[in-house]
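Peer 1: Single-letter residue listing:
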Amino acid sequence: MADHKRIDEVTGTATSGHEWDGIEELDTPMPRWWLWSLYASIVWAIVYVILYPAWPMIHGATEGVLGWTSRGQLEAEMQADAKRRAPVVSAIGATAIADLPAKPELMQAAVQGGAAAFRVHCVQCHGAGGAGVPKLYPSLTDDDWLWGGDLPTIEYTITHGIRNPDHDATRTSQMPAFGRDGILDARQIADVVSFVRAISHQEKPSASSIRGAAVFEANCAVCHGPAGEGGRAVGAPKLADAIWLYGGDRASITATVTQPRNGVMPRWNSRLDPVTIKMLAAYVYSLGGGEKAPVEAVPAAEGEGQGTNGQD
Amino acid sequence: MARTDHPGEPPASLYEARKGVYPKKVDGPFRRFKWAIMAVTLAIYYGTPWIRWDRGPHAPDQAVLIDLANRRFYMFQIEIWPHEFYYVAGLLIMAGIGLFLVTSAVGRAWCGYACPQTVWTDLFQHVDRLVDGDRNAQIRLANGRWTAEKIGKRALKYAIYLTIAFWTGGAWIMYFADAPTLTQDFWSGQAAPVAYVTVAVLTATTFVLGGFLREQVCIYMCPWPRIQTAMMDEKSLLVTYKDWRGEPRGSVKTAEKNPGAFGDCVDCNQCVAVCPTGIDIREGPQIGCITCALCIDACDSVMAQVGRPRGLIDYCTLDDAETEKAGGVAPPIRKTLFRPRTLIYSGLWGAIGLAMLFTLGQRTRLDLAVQHERSPLYVQLSDGAIRNNYTLKLRNMELRPRPVEIVVSGLPGARLWIDGGSRETARQSLRMPLAPDSVTSARLFVVAPGAGPVRQDFTITVRALDDEPHRDSETIQFDRPGTQP
Ligand code: SF4
Ligand code: SF4
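Quick mapping for you: the protein sequence lines, in order, are chains A and B.
Per UniProt numbering, numbering through the first sequence is continuous, rising by one, with the last residue being 312.
Per UniProt numbering, numbering through the second sequence is continuous, rising by one, with the last residue being 485.
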C-alpha cells in the first residue's frame, strides 16, 4: 500500500495510501490531546480492572480490591429498604388488626405488603388477585365467606388454617358423608338437592323439593341454617345464594351431599410472622368482600347471615 | 485543517500539538452584534432561575424550574407533567427545524454567535486580553520564559477562568431547585451531594472546554459542523473571501508600483489574526470557519484605511460568487433569505409552535385513566349481581384541591364504590376530594345486575365540582360470567 502514498493537491496533505472505489484517505495528523485521551482511557481501564470485578474466570470473575459485587450491592439495598420500612412494619405490628382501617396510611401500607406476600404464598390456590379456582378453592373477592370476612376473622383463618390435623386452634368442622355412609338414601338425596336448588332460585319448587324440605330440616339445618343461610361458626356455606364453591348444578350438589370435600388450608403461623399475616389479612379484606367486624369483635363470629355486618 | 508544516511532504508525526490561537481585538458591526448576543445569552443563562412567579400556595414560585423529584416542569405560566412530555419533544423538533432554517439561510450562524461553546470561548478569550494583553503580548508571553510576571499572570488568568467556570456550574443547578434556598444550602454544606457533583463536573468541563480546548471542540469534537455542511446549499450565506477581487495579493506599496497587477487584498493578515478558530479564510470555505464574521469586521476596517470599498470578505453565497466572478451583480439579500426552502422551514416551525400553543390552551387539567382488573375479570356476588373491579388514576393538574364526582353511564342498575366503601354505601355516583397537583389512585368497584350481556361497554366520567366544568371520561368494558378470564 505504501507505494500508493501521494500528496493531495487540494489540501497539500499526504494520503494514507488507502483507496476504496477511487476515494482516498488523507493522512491528517490527529490532535495530540486525542492521544492523551486514549492514554487516559487506558489508565482508567487498568485502574478499573484492579478495583472492580473484571476478568471472567471459570468460576466467577476476579474480585477487585474494593470487594464490590452486584449481589453485595443488592444485599445492601435490601437492607436499607428493610430499614426504611421498619417503622411502618412495627407500627402495623403494634396495631390491633381491627383498628387498621382507622389509620388509612397504615392500612394502605399493609395492603401493599400483603399483596406482595399473597403473590408468594397464596396465589397457588386462590389465584392471582384472589379470584379462586372454580370447584377447588374459594374466591376471596366476593361477599360470601365460609368463616367470616371481617379483619380479625380473616387473620385468624390465615393464622390457624382450616382442618389442620396438627393444630388445636385450627378451624374445623366436618360435613357428614350422607350418601357414602348410608345416612340418606338416593331418593332423599335427590329430594334435598331439589330443595337446595329451589331455595337458591335455580329450580322452581316441586313435589321433590317439598319432600326435600323435611330432609333438610332433619339433617342439614343444624349447620346450614333453617333457610340455608349458612353457619359461619362451623364454616357451613350459605346455600340460598348464587355462589357455589363446588358447583350448583344437580350433579355437583348430589356429589357434595354424597361425599363432601371438606377443603383444607395450611396454617401460616408456622411459616409467616404475625405482621406478614396481618398484612395478608388486610390485603384479602381489601379485595372487595371485606366486612366490618361485628361489634363484639369476637373472632369466628356467630353465623347470623351476612347482611347485618355491612360496613359504614 | 491540519496541514503539514511543509506542504507537499508527508506529516512529520502522526499526532499534532495544538497551535495556539490568539485572536486579536477587533471592532465593527459584527463584533458588536456578537457582544450583544453574548450579553443576552449569558444573562438568560445566569439570571433565569432567579425570576419569581407566583403560582399560589401549592406550587413553587420559581418561574423556570425542572422539579425532578416531583416530576414537574414549570415554565412561567406553563406547567408540564411527565405524560405531557410531547411538549418537550415538540420544542426539540422546533429547535431542530430552527437549526435547519438558520443553517440553510446563513450557514453556521448558530456556531458563530449562539453556541455555548462559542459564547464561553469568546468570554475566556476576552479574559486573556484583559490579563495578558492583545494578540502580540499574548504570543510573547506564551513563548517567553517562566518569569514571576508570567506566573502571576497565569495564576490570575486561571483564577478568573475557574471563577467563571464555577458560576457556570452553579447556575445550572439553580434550574433544578428553588434558587435562593439552594444557594443557602449549597454554602452551608446542606445541599444534596448531586448538587456538588454537578457543580464540580460543570466547573471542570467549562474550565477545560472554554479555557483550553476551544476551537478544538468545534473542529474535532462537535458533530454539528458535519451535519451543517450537509444542510447548506449554494444559496446559503457564507463568510467568503472574494478571491476574484482580492488576488493576487500585494502590499499597498507594491500595488502602487505596479498599477493594475494586484487585487484588493493588501496581505495584511488581519483576517487571520482576529479569527477565533485560527484559520485563514482566504483559503476558501472550510470546516474550521464558524461564520462569526469577525474577519469581515477586520478586513472592512483595513479597506477603509487604504481607501478601497468594503466587502472583500463578506457574506456571500456560492451562487453569488459565481455571478460576481463572471462580472455580474449579486441579487439583493432578501432574495437569498426568502426562498422556498427557508419559507417551508419557517412555515413548519411556525405551524408546530402554533399547534403547541393551541393544545396548551385547550388542555384540560383533570385526567382520568381507567384499567379493568383482570384477575378476576368479574366477581359473582351471593345475590346474583356481578361486580367488576377497576383501577382509577385521577390526575388533578390544577394547583388547588378539587372535589370531583365519578359517574358511570351506559350500565343499567350500576352502583359503585371505592376503597373504604362497601356494597351498602354504593351509589350511582360518588364524590371524592383530589389533592392539588397530584395523582390519586383508587380501586373502583362497580356492581351491576347479573342479567345482561356477557360483555358490555360503559362510560366512567370524572367531573370537577368546582367552578370550572372540567371533565374526562373513558369507555371501558363490564364482564359477566361467560367471558373467558
Ligand atoms: S474565518 Fe472569519 S468567520 Fe470564519 S471563524 Fe474565522 S473570523 Fe470567524
Ligand atoms: S484582512 Fe483583508 S486585506 Fe488583510 S489580509 Fe485579510 S483579506 Fe487581505
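Honestly, I wouldn't trust all of these hints.
Residues from chain B that keep clear of chain A, each with C-beta distances beyond 10 Å, as calculated [unchecked claim]:
(1) 29
(2) 46
(3) 314
(4) 324
(5) 399
(6) 463
Now the stretches of chain B that chain A is said to cover, found in silico as 3 or more residues with beta-carbon under 8 Å [said to hold, decoys possible]:
(7) 273-281
(8) 377-384
Have a look at the derived ranges for each label pair, beta carbon to beta carbon [claimed, not checked]:
(9) B:50 - A:271: 19 to 29 Å
(10) B:223 - A:93: 57 to 67 Å
(11) B:77 - A:271: 18 to 28 Å
(12) A:81 - B:56: 32 to 42 Å
(13) B:339 - A:44: 46 to 56 Å
(14) A:44 - B:442: 21 to 31 Å
(15) B:304 - A:19: 27 to 37 Å
(16) B:180 - A:48: 16 to 26 Å
(17) B:76 - A:45: 20 to 30 Å
(18) B:27 - A:66: 55 to 65 Å
Hints are computed from structural coordinates only; laboratory data are not their basis.
From the three backbone atoms N, C-alpha and C, an ideal C-beta is built for every residue, glycine too.
Peer 1: Now, for every hint given, state plainly whether the structure supports it.
Peer 2: Hints versus structure:
1. Against the 10 Å criterion, residue 29 of chain B stays outside the reach of chain A, whose nearest CB is about 33 Å from its own CB.
2. Distance check on residue 46 of chain B: its Cβ is at least 29 Å (rounded) from any Cβ of chain A, clearing the 10 Å threshold; non-interface status holds.
3. Distance to chain A confirms residue 314 of chain B as a non-interface residue, since its nearest Cβ pair spans about 24 Å, more than 10 Å.
4. With a least beta-carbon separation of about 22 Å from chain A, residue 324 of chain B lies farther than 10 Å from that chain, consistent with its non-interface assignment.
5. For residue 399 of chain B, the shortest C-beta to C-beta distance to chain A comes to about 24 Å, beyond the 10 Å cut-off, and the non-interface label holds.
6. At the 10 Å boundary, the C-beta of residue 463 of chain B stays outside the reach of chain A, the nearest C-beta of that chain being 24 Å off.
7. With 0 residues having a Cβ less than 8 Å from any Cβ of chain A, the region 273-281 of chain B misses the three-residue criterion, and the hint is violated.
8. Evaluation of the coverage hint for the region 377-384 of chain B: fulfilled, as 6 residues show C-beta separations to chain A shorter than 8 Å, against a requirement of three.
9. The hinted range of 19 to 29 Å is not satisfied by residue 50 of chain B and residue 271 of chain A, whose Cβ atoms lie roughly 59 Å apart.
10. For the pair residue 223 of chain B and residue 93 of chain A, the beta carbons lie near 58 Å from each other, so the given range of 57 to 67 Å is met.
11. At roughly 57 Å, the beta carbons of residue 77 of chain B and residue 271 of chain A sit outside the given window of 18 to 28 Å.
12. For the pair residue 81 of chain A and residue 56 of chain B, the beta carbons lie near 36 Å from each other, so the given range of 32 to 42 Å is met.
13. Between residue 339 of chain B and residue 44 of chain A the beta carbons are some 50 Å apart, a value that agrees with the proposed interval 46 to 56 Å.
14. For the pair residue 44 of chain A and residue 442 of chain B, the supplied restraint of 21 to 31 Å is violated, since their beta-carbon distance comes to about 51 Å.
15. Take residue 304 of chain B and residue 19 of chain A: their Cβ atoms lie about 49 Å apart, and the range 27 to 37 Å is violated.
16. With their beta carbons about 40 Å apart, residue 180 of chain B and residue 48 of chain A fall outside the hinted range of 16 to 26 Å.
17. In this structure, residue 76 of chain B and residue 45 of chain A break the distance hint of 20 to 30 Å, their C-beta atoms being roughly 47 Å apart.
18. Taken as a hint, the range 55 to 65 Å holds for the pair residue 27 of chain B and residue 66 of chain A, whose Cβ atoms sit roughly 57 Å apart.
In the structure shown, a violation is registered for the earlier hints numbered 7, 9, 11, 14, 15, 16, 17, in ascending order.
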